[in-house]
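Since the structure of chain A is already known, use the hints to place chain R on it.
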Amino acid sequence: MAIKLLSNLCPSAFLAVCRQQQRDDIPPPAKYGGRHTVTLIPGDGIGPELLNHVREVFRFSCVPVDFEVVHVNSALESEDDINDAITAIRRNGVALKGNIETKHTMAPSVKSRNNLLRTSLDLYANVMHCQSLPGVQTRHKNIDIMIIRENTEGEYSSLEHESVTGVVESLKIITRNNSLRIADYAFRLAREKGRKRVTAVHKANIMKLGDGLFLQCCREVASDYPDITFDSMIVDNTTMQLVSNPQQFDVMVMPNLYGNVVSNVCAGLVGGPGLVPGANYGRDYAVFETATRNTGKSIAQRNIANPTAMLLASCMMLDHLKLYGYASMIRNAILTTMNETRLHTADIGGQGTTSDVVQSIMRIIQSKGPLISEL
Amino acid sequence: MMARSVCSLSGTLKLALSNQLTRVYGAAPQRYKSTYITIPPPARYGGRHTVTLIPGDGIGPELANHVCELFRFCCVPVDFEVVNVDSSMASEDDIDNAIMAIRRNGVALKGNIETNHNLPPSYKSRNNLLRTTLDLYANVMHCQSLPGVRTRHRNVDIVIIRENTEGEYSSLEHENVTGVVECLKIITKAKSLRIADYAFRTARAKGRRLVTAVHKANIMKLGDGLFLECCKEVASGYPEITFDSMIVDNTTMQLVCRPEQFDVMVMPNLYGNVVSNVCAGLVGGPGLVPGANYGEDYAVFETGTRNTGKSIANSNTANPTAMLLASCLLLDHLKLHAYASMIRRAVLSILTETQLHTADLGGKGSTSEVVQSVMNAVQSTGPQTLSI
Numbered sequence: 000m001a002i003k004l005l006s007n008l009c010p011s012a013f014l015a016v017c018r019q020q021q022r023d024d025i026p027p028p029a030k031y032g033g034r035h036t037v038t039l040i041p042g043d044g045i046g047p048e049l050l051n052h053v054r055e056v057f058r059f060s061c062v063p064v065d066f067e068v069v070h071v072n073s074a075l076e077s078e079d080d081i082n083d084a085i086t087a088i089r090r091n092g093v094a095l096k097g098n099i100e101t102k103h104t105m106a107p108s109v110k111s112r113n114n115l116l117r118t119s120l121d122l123y124a125n126v127m128h129c130q131s132l133p134g135v136q137t138r139h140k141n142i143d144i145m146i147i148r149e150n151t152e153g154e155y156s157s158l159e160h161e162s163v164t165g166v167v168e169s170l171k172i173i174t175r176n177n178s179l180r181i182a183d184y185a186f187r188l189a190r191e192k193g194r195k196r197v198t199a200v201h202k203a204n205i206m207k208l209g210d211g212l213f214l215q216c217c218r219e220v221a222s223d224y225p226d227i228t229f230d231s232m233i234v235d236n237t238t239m240q241l242v243s244n245p246q247q248f249d250v251m252v253m254p255n256l257y258g259n260v261v262s263n264v265c266a267g268l269v270g271g272p273g274l275v276p277g278a279n280y281g282r283d284y285a286v287f288e289t290a291t292r293n294t295g296k297s298i299a300q301r302n303i304a305n306p307t308a309m310l311l312a313s314c315m316m317l318d319h320l321k322l323y324g325y326a327s328m329i330r331n332a333i334l335t336t337m338n339e340t341r342l343h344t345a346d347i348g349g350q351g352t353t354s355d356v357v358q359s360i361m362r363i364i365q366s367k368g369p370l371i372s373e374l
Numbered sequence: 000m001m002a003r004s005v006c007s008l009s010g011t012l013k014l015a016l017s018n019q020l021t022r023v024y025g026a027a028p029q030r031y032k033s034t035y036i037t038i039p040p041p042a043r044y045g046g047r048h049t050v051t052l053i054p055g056d057g058i059g060p061e062l063a064n065h066v067c068e069l070f071r072f073c074c075v076p077v078d079f080e081v082v083n084v085d086s087s088m089a090s091e092d093d094i095d096n097a098i099m100a101i102r103r104n105g106v107a108l109k110g111n112i113e114t115n116h117n118l119p120p121s122y123k124s125r126n127n128l129l130r131t132t133l134d135l136y137a138n139v140m141h142c143q144s145l146p147g148v149r150t151r152h153r154n155v156d157i158v159i160i161r162e163n164t165e166g167e168y169s170s171l172e173h174e175n176v177t178g179v180v181e182c183l184k185i186i187t188k189a190k191s192l193r194i195a196d197y198a199f200r201t202a203r204a205k206g207r208r209l210v211t212a213v214h215k216a217n218i219m220k221l222g223d224g225l226f227l228e229c230c231k232e233v234a235s236g237y238p239e240i241t242f243d244s245m246i247v248d249n250t251t252m253q254l255v256c257r258p259e260q261f262d263v264m265v266m267p268n269l270y271g272n273v274v275s276n277v278c279a280g281l282v283g284g285p286g287l288v289p290g291a292n293y294g295e296d297y298a299v300f301e302t303g304t305r306n307t308g309k310s311i312a313n314s315n316t317a318n319p320t321a322m323l324l325a326s327c328l329l330l331d332h333l334k335l336h337a338y339a340s341m342i343r344r345a346v347l348s349i350l351t352e353t354q355l356h357t358a359d360l361g362g363k364g365s366t367s368e369v370v371q372s373v374m375n376a377v378q379s380t381g382p383q384t385l386s387i
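Chains A and R, in that order, give the protein sequences.
Just so you know, we're using numbering that gives the first Met the number 0 here: the first sequence kicks off at 0 and counts up by one.
Just so you know, we're using numbering that gives the first Met the number 0 here: the second sequence kicks off at 0 and counts up by one.
So that you can see chain A by itself, here it is in the shape it has in the complex:
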């Protein structure tokens, strides 16, 4: 309550409170006997096979991480599975997940499991870093965009009703607190990474109150960061510019739905859904997954999925756990496989299988790394 009043009267004080909470209350990553425990949610489609590969690579590289596997059955209507998963993440603090399918044939009261997870754990920032990789042939070059997307409100509030038959109203919620929070996150991240420009993406000419509030919050936060340039762009112009001239963008911050569309466009620009990892950060928890959140049902169990996105997501997780040595070792191996040996899977135009790529990564780790278990 006091926080809400504070955000209205004095946004800078509200932000100061947020940042304080961030710094003091975060416990160090839990280590017992020097090993971390991380929740693993296999999900559906290609999730289980890719996460098996992650475990294989971790075991091979002797990474001090143990996985606690929690299965979520998307065909059940009861929410027990996802509640168990949420409890496990609360316990461990960190998770790696595959996408859980949202079946269209079930009743509308069955909420999207992924969405439930994000809102219950208040994972308010979805961060995606799209970079052109040298070994992947794309139509656009030199792309380096960070996309920060509000992850808990906006169009994904799942609040809909049909007061009159044949007329459905879906509510899109924008709040001042969440907008200030995500804008602050974006600017802090930009400053940390030495970025020069933050662009807010909105549609305030049509949704004047909603996106107008979001834009206003971004401007307020921008005034605290004079070293970073802030500008804004309407979402339709943004997508057109992304397709014509993506090199002009640096860091982008936006509400939920535009974030979904823009992140998928950027993923397409750098080579497809198999290459980009994504991270969902909250105040106390972090969940890592592929950026475009695809289930990949049509290519499941065929050994043709691209493991890069999931493996890079696991490297981000290792960075979060402060295991930087292991993270850079695995990341280097992945990028070497992608750029130098050019072992590509079908989605980027090659003929390799998933297991070929993973084997190659492990071989590179063996040749460069210090200590590994036997192949």
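For the record, the hints were derived by calculation from the structure and aren't laboratory data.
There may be inaccurate statements among the hints.
Restricting the straight-line Cα-Cα distance to at most 25 Å, the calculated cross-link-like pairs of lysine-lysine (BS3-like) are [as the list claims (entries may be wrong)]:
(1) R:Lys309 x R:Lys123
(2) A:Lys102 x R:Lys123
(3) A:Lys321 x A:Lys192
(4) A:Lys140 x A:Lys192
(5) A:Lys321 x A:Lys30
(6) A:Lys110 x R:Lys123
(7) A:Lys367 x A:Lys321
(8) A:Lys296 x A:Lys110
(9) R:Lys309 x A:Lys296
Model, not experiment: these values are computed from the prediction.
Structure of chain R alone, referenced to chain A:
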């Protein structure tokens, strides 16, 4: 042309759905348009048509002037009734006059009217007001890779049909609790059926094989779920056309990787906005693609991506292609097909000459140079023109 022939089929559709419609429309009497004989032909007085022209802001006025110039040069039997809409005034008189003029003439050509951010939120977007008042429910944009324009993607040929009156553009927002804003997105069964029917009829008329519905029904289960259901219902009436659906995020990614897979796409308002801009970017930018807004009784033509172009206004660098092609769509609608194809052929032939490309296509040509060349091209191939 499409708007007129829509009437008969929409009439039968209304009869078929009369149960649902009476509940939605309340006690309003239904209009029966049973046969196409009752649709009046485009109004012609003395063999000349009158078309409302709304110059708009930014590059609108100069491009509208070029269209008038070109039409006069080619002796097109169209007279323009110019209605200026001042975007800085808070009163709605200007836009009401424009709407009345369009009601009178039936057809309009417009530039984009700027929505001033400094005015209070009660000031609605003028373009949006125009579309909803005239019930221009279908926005059609045909994105084609044009010869002579170098782009990263080739062989793009997509028709985008976007619902133009409801969805996220309902302008219904409120702030019940300070700091918490709720925006309403409205999806109705009647309008979804209408736009889906329009899409399938257009696909059939143009001989297209595939219609893709773009949605986000995994999250907005009731809203986009209803839209998807309506599309599926209508699809069952067109067995020769394949129907599939795709979630909007996957669609935008596929558009960037492999746009050749898409044929006709139908979607609600906001996704239509984003997808049409992505497609415009794929074929070469906002200066190349024309757009048309069709309603049951009216049709309004404009550039596809609805840019004001404030930063390049009055500098003679804007690309006139989009507006000129929009005027060709206008002529097709008025059934002046010969003039339309003549001008269209000239515009496309000019595009193949790279030294005449304007700045947005990477060239150094100016707007007036391009328009002059179009007039030259028309004179060399056309039957009869004024002297230059």
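Results of checking the hints against the structure:
no.: 1; hint: R:Lys309 x R:Lys123; in the structure: 20 Å, holds
no.: 2; hint: A:Lys102 x R:Lys123; in the structure: 38 Å, violated
no.: 3; hint: A:Lys321 x A:Lys192; in the structure: 17 Å, holds
no.: 4; hint: A:Lys140 x A:Lys192; in the structure: 21 Å, holds
no.: 5; hint: A:Lys321 x A:Lys30; in the structure: 11 Å, holds
no.: 6; hint: A:Lys110 x R:Lys123; in the structure: 34 Å, violated
no.: 7; hint: A:Lys367 x A:Lys321; in the structure: 21 Å, holds
no.: 8; hint: A:Lys296 x A:Lys110; in the structure: 20 Å, holds
no.: 9; hint: R:Lys309 x A:Lys296; in the structure: 46 Å, violated
The structure fails to meet hints 2, 6, 9 from the earlier list, while all remaining hints are met.
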